[in-house]
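With this note's numbering, the residue at position 81 of the sequence shown is 81, and numbering never jumps.
Hints were generated in silico from the structure; no laboratory data involved. Glycine included, every Cβ here is placed at the ideal spot set by N, Cα and C. Don't take each hint at face value.
Said to hold, decoys possible - What follows is a set of in silico ranges between Cβ atoms, one per label pair, in the way DEER data are often shown:
| id | residue 1 | residue 2 | range |
| --- | --- | --- | --- |
| 1 | G211 | K133 | 41 to 51 Å |
| 2 | K129 | E278 | 11 to 21 Å |
| 3 | G134 | R41 | 28 to 38 Å |
| 4 | P30 | L164 | 24 to 34 Å |
| 5 | I230 | D251 | 40 to 50 Å |
| 6 | D31 | K133 | 39 to 49 Å |
| 7 | H64 | P136 | 17 to 27 Å |
| 8 | T285 | A118 | 26 to 36 Å |
| 9 | E278 | E146 | 24 to 34 Å |
What the hints assert, rightly or not - Cross-link-like lysine-lysine pairs, in silico, BS3-like; alpha carbons within 25 Å at most:
| id | residue 1 | residue 2 |
| --- | --- | --- |
| 10 | K254 | K280 |
| 11 | K149 | K133 |
| 12 | K129 | K149 |
| 13 | K281 | K254 |
| 14 | K254 | K284 |
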Amino acid sequence: MRASCSHATDRYSHSRTESAMHTFLCTWNPDLWEWPDNELRAEIAQTERGALVARRWSVGNRTHGIEAGDRVFLLRQHRDRGIVAAGEFTTEVFQDPHWDETGREANYARVAWDTVLAYDDRLPVEVLKAQVKGVPWDRLQASGVEVPKSAIPALEDLWETHLLQCGRLLPFSPNEVHRSETVVEGAVSRVLVNRYERDPRAREQCLAHWGRTCVVCGFDFGEVYGALGIDFIHVHHTREISTLGGRYKVDPVKDLRPVCPNCHAMLHAQRPALDVKELKKLLKTGTARTR
1 MRASCSHATD RYSHSRTESA MHTFLCTWNP DLWEWPDNEL RAEIAQTERG
51 ALVARRWSVG NRTHGIEAGD RVFLLRQHRD RGIVAAGEFT TEVFQDPHWD
101 ETGREANYAR VAWDTVLAYD DRLPVEVLKA QVKGVPWDRL QASGVEVPKS
151 AIPALEDLWE THLLQCGRLL PFSPNEVHRS ETVVEGAVSR VLVNRYERDP
201 RAREQCLAHW GRTCVVCGFD FGEVYGALGI DFIHVHHTRE ISTLGGRYKV
251 DPVKDLRPVC PNCHAMLHAQ RPALDVKELK KLLKTGTART R
């Protein structure tokens, strides 16, 4: 269940090695606690813009085993069941007064949700049961259940596909700027989903210099969609971070470029990724259509 919320980007660092990362399921029963509609709408919009939603969430009877950087999915229970949020834990387990205000203590961990969905957009439990084996989807009684490592790839792939079908930005794309305490990049945090620690300040510095128009095709979401599209743009990292080894200080102007989702996907249609200038040339000459 839920406890408290902070509408701010949560700074955190990963304390485990990439091979030791774990994935957990937290649960939410809307009959026991109703997510205020105004809060839910705001948090959906917040994550649609690429920002994090920082919350404290109960982890049931779990008293240990969770560390900052561990992956977490939120499963809506009882009715309209399915996954409605995903993110990372930002702390270990701690005790605080129970969310039901009975005076009892409960186990919590802080979470940074990178995606929050309306229940109509949930990843249905029926689909989860059919495609993600090894998880007792019908027998999850409380938060804090660990997902077997054998089930994680299927869960992550299914979630990514679902977000694309919902028209949502993939928050853990390997070449989008992610959150960190400094503008230092590298430090692979989870090989399974190919994520890297990144700083939103680097993104903002990139956009302050290059603007919010795709540098490949010139598409401007704000011009086309008005207020709905303002500030919506991917940020492409022009260097292959995973090949650099170690950590380095990113140059937001030199290393990052604003690109639309379509061009971003084309840049990464092959390995190593296409150069921005090369894709722009392909687009202009039309040779991209025959490749």
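Right, here's what the structure says about each hint:
{"no.": "1", "hint": "G211 / K133: 41 to 51 Å", "result": "holds (46 Å)"}
{"no.": "2", "hint": "K129 / E278: 11 to 21 Å", "result": "violated (44 Å)"}
{"no.": "3", "hint": "G134 / R41: 28 to 38 Å", "result": "holds (34 Å)"}
{"no.": "4", "hint": "P30 / L164: 24 to 34 Å", "result": "holds (26 Å)"}
{"no.": "5", "hint": "I230 / D251: 40 to 50 Å", "result": "violated (26 Å)"}
{"no.": "6", "hint": "D31 / K133: 39 to 49 Å", "result": "violated (28 Å)"}
{"no.": "7", "hint": "H64 / P136: 17 to 27 Å", "result": "holds (21 Å)"}
{"no.": "8", "hint": "T285 / A118: 26 to 36 Å", "result": "violated (42 Å)"}
{"no.": "9", "hint": "E278 / E146: 24 to 34 Å", "result": "violated (43 Å)"}
{"no.": "10", "hint": "K254 / K280", "result": "holds (17 Å)"}
{"no.": "11", "hint": "K149 / K133", "result": "holds (11 Å)"}
{"no.": "12", "hint": "K129 / K149", "result": "holds (16 Å)"}
{"no.": "13", "hint": "K281 / K254", "result": "holds (20 Å)"}
{"no.": "14", "hint": "K254 / K284", "result": "holds (23 Å)"}
Hint check: violations occur at hints 2, 5, 6, 8, 9; the rest are consistent with the structure.
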